[in-house]
Amino acid sequence: MKKIVALLVIVLAIYACSSDDNAGGSDTPNNVMFDRSALLENWADNIIMPGYEDFVNQATTLEEAIDTFNATPSQATLDVLRNTWLTTYTTWQRISLFEIGPAETVGLRLNINIYPADTDQITTNIDNGTYDLSLSSNRTAKGFPALDFLLFGEDSDATIIAQFTANPNAQQYLSDIITDIINLSTQVRDEWQDNFRDTFVANDGSSVTASADRMVNDYIFYYERFLRAGKMGIPGGVFSGTPNPQNIEAFHNGTISKQLFLEGLDAVQDFFNGVAYNGGAQGESLSSYLDALNTVKDGVDLNTVINNQFNTARSSVQALGLFATELEAAPPTNFLNAYDQVQVIVPLIKVDMVSAMSISIDFSDADGD
Amino acid sequence: MTRIATYLNTATEAAPLAVFRVFFGLLMLVSIIRFWSYGWIDKFYIQPDFHFKFYGFQWVQDFGVYTYVLFATCALSAFAVTIGYKYKVAIISFFITFTYIELIDKTTYLNHYYFISILSFLLIFLPAANYFSVDARQNNKANGHIPKWSIDSIKLLLAIVYIYAGLAKLNSDWLIEAMPLKIWLPSKFDIPFIGHLLGQEWAQYAFSWIGAAYDLFITFLLFYKPTRSLAFVMVVIFHVLTRVLFPIGMFPYIMIVSALIFFDARVHKKIINAFAKALHYPKNLLKTTERIVQESPNRWGLKHTIIAIFFVIQIVLPWRYLLYPGELFWTEEGYRFSWRVMLMEKSGYAQFKIVDKVTGRRFYVDNSDFLTPLQEKQMSFQPDLILEYAHYLRKHFEAQGHQNVGVYAEVQVALNGRLSTQFINPNVDLTQEKESFKHKTWITPFKDEIKGI
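In the order they appear, the protein sequences are chains A and B. Whatever position you read off the first sequence (first residue = 1), add 1349 for our numbering. Whatever position you read off the second sequence (first residue = 1), add 1 for our numbering.
No lab work stands behind these hints, which were simulated from the structure alone. This one's a predicted model, so the numbers in the text were calculated from it and none came from an experiment. Check before you lean on any hint, since a few could be wrong.
To be verified - Here are some of the chain B residues that sit facing chain A, going by a computed Cβ distance under 7 Å:
id, residue
1, 93
2, 188
3, 364
4, 367
5, 409
6, 411
7, 413
C-beta: ideal position from N, C-alpha, C; glycine also.
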């Protein structure tokens, strides 16, 4: 008798599940089965891959500018080169946050934008004429920061032009840096197009190794480490007590750190909102995911809170002067106040957003307490 | 008094306790092997520069690379318990090594580790290797009867765990908001068969209410013979579901196996006979038809006093939170050791500001310089860990030559779907605060209210 009852319960339980299966996709208003594959497709097809495509094209333009400059070093070719460098560097801020999959494998960010540049190492490399840019010891001697030093490292443009005139080593170094950038980013772009896009989209589950969870972790890591700390916190002396103005991004140029930060902030907010790389159409995103969850939660509209704080942070940084100038103040109060607004976003995405989506940051057993 | 004396002298068959011992030992052995194979010994106990200590157990240290020896001893003890070889020594050794491991770092505290610690403590006093064990075989004595209280004490411990876990769910977040399941379940959409249901509100409420009812009543259903088999089916379904839905390791299996103790000896003898056959265990040692006459009547002794005190503590400890002001889920004062399981989606973000209190020079700490990701995550919403870390930071920076060091914590915590709010008073220098059982006045009071137990 007991066995019969037990069997009945099991059968009923199975029936309850399978009968719902047959009913097909349920569309009750409270259903928050957010479609993660649509989210991953939007990220891959509309944001990440067009981003890499654009960056590789930009980098190729930069290579042409370097070739032209090397052929005839002059004020005119230097100006063109500097402008192209700035455009490419700005484009880089749009893709720097996607350090996942192939980019993670090749260490794209580590190889392209580690600053401050090691100026001694760069000079030694050029003087020697022999170096291996793929060595990790050369990471601070290449990429955009090295170009920053080479193109802006002297007070007078004439000195810079003179350095490259009839100096094959220096010219070669410029070429090698851009070749390195192009090779790495092309490799990442191709890998996305050939294999990784499908792997990425297919891994649409929910676990620490699922694409969405990984991406969110990487996204937060980028915001906290590279945007917040790297571009503002460390130069501002937040972690050391004294400002380190030599640690701003594009230090030798000296005037564009703020612009690069703001571009990075835009990229982060656009990613949050699922804004397409080309054109600005919005697709499934962290923001729409939060909206879907909020309809059930009936709580605070977290999506709005986060977007508002992005906007507040942006306007506080926009109100600043050049980073280099701000950091001359002791203490750099205005700079630090703007940093505080950038900082406020961290708990919002790292605690509130992640908690709402039930995405875990580290893996081990838990019993929820 | 006579009733107690009679009860102490009531004997019962030893098979259920023997089966319990075998499964308990086996699962512990598997747990340790699993823990080892994941590389967690290194990751949680050897790598960290710093361990969070339980109050009063600051003296417990890891042994560096020799921590593996500690785990190996624990595993060997579990194996000896399983086969019932030198049982007394084995179970004492298991209790000490396992508990020691748990005391090394508070970060990894889980209710089910605590459960294993106290269960193995209780097992020290129970004659679990009288029957179907290497010990019994070496004595060559068919000792098929044991005092009834020894099996009842395990049932009582299970009852405490379940009922307190159920009582803890009787709060407004769990029952009225279906929190935190409303957050956790929808993210499990990719689970076969039921995944698509988990995003629906009714399912979240059903899981919450059924879960609470299950915890509250399952021991009674297991106790009452007519409902026992059905109850056991429910135990299996419930714990398998929790295993599928949440990363809770070995705990579900332990609870499933533990629930077997409620069945009468017939079932257990069937299990033992199956094992015995495979192991060529002498049949005459398994006979229980002849009643063993006890040589001297069982009197109340030290053993019984210890067990009685043990249970009084178990029953009282979960209520200690009533002595503290403020919301328990927020302050966590009196939260541990109380079977409050799966009740909170709580996470935090903590920044520590080091201030030279004379010059006013200040800077923030990069927590990843000092803590592992798991430590940082656990620290960021538990006040006692925050305080301990603050003191650690003071010592670290003083050793580096900083002077007049003040440590201030800026912490944001989100609890059960509420927007994150300030958790610690950012104007309090934590180096001036001492750890104690007193209420921590520097916790910012909870903004909302959670009604219930």
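The hints, checked one at a time:
1. For residue 93 (chain B), the interface hint is violated, since its Cβ never comes within 7 Å of a Cβ in chain A; the closest pair sits about 26 Å apart.
2. The beta carbon of residue 188 (chain B) comes within 4 Å of a beta carbon in chain A, closer than 7 Å, and the hint placing it at the interface holds.
3. At about 4 Å, the closest approach between the beta carbon of residue 364 (chain B) and any beta carbon in chain A falls short of 7 Å, and the interface hint on this residue holds.
4. The beta carbon of residue 367 (chain B) is positioned within 7 Å of a beta carbon in chain A (closest approach about 6 Å), and the interface hint is therefore held.
5. At about 14 Å, the closest approach between the beta carbon of residue 409 (chain B) and any beta carbon in chain A exceeds 7 Å, and the interface hint on this residue is violated.
6. Hint on residue 411 (chain B) is violated. Least Cβ distance to chain A is approximately 9 Å, over the 7 Å limit.
7. The interface hint given for residue 413 (chain B) holds, since its Cβ lies 4 Å from the closest Cβ of chain A, which is under the 7 Å cut-off.
Comparing the model with each earlier hint shows violations of hints 1, 5 and 6; every other hint is respected.
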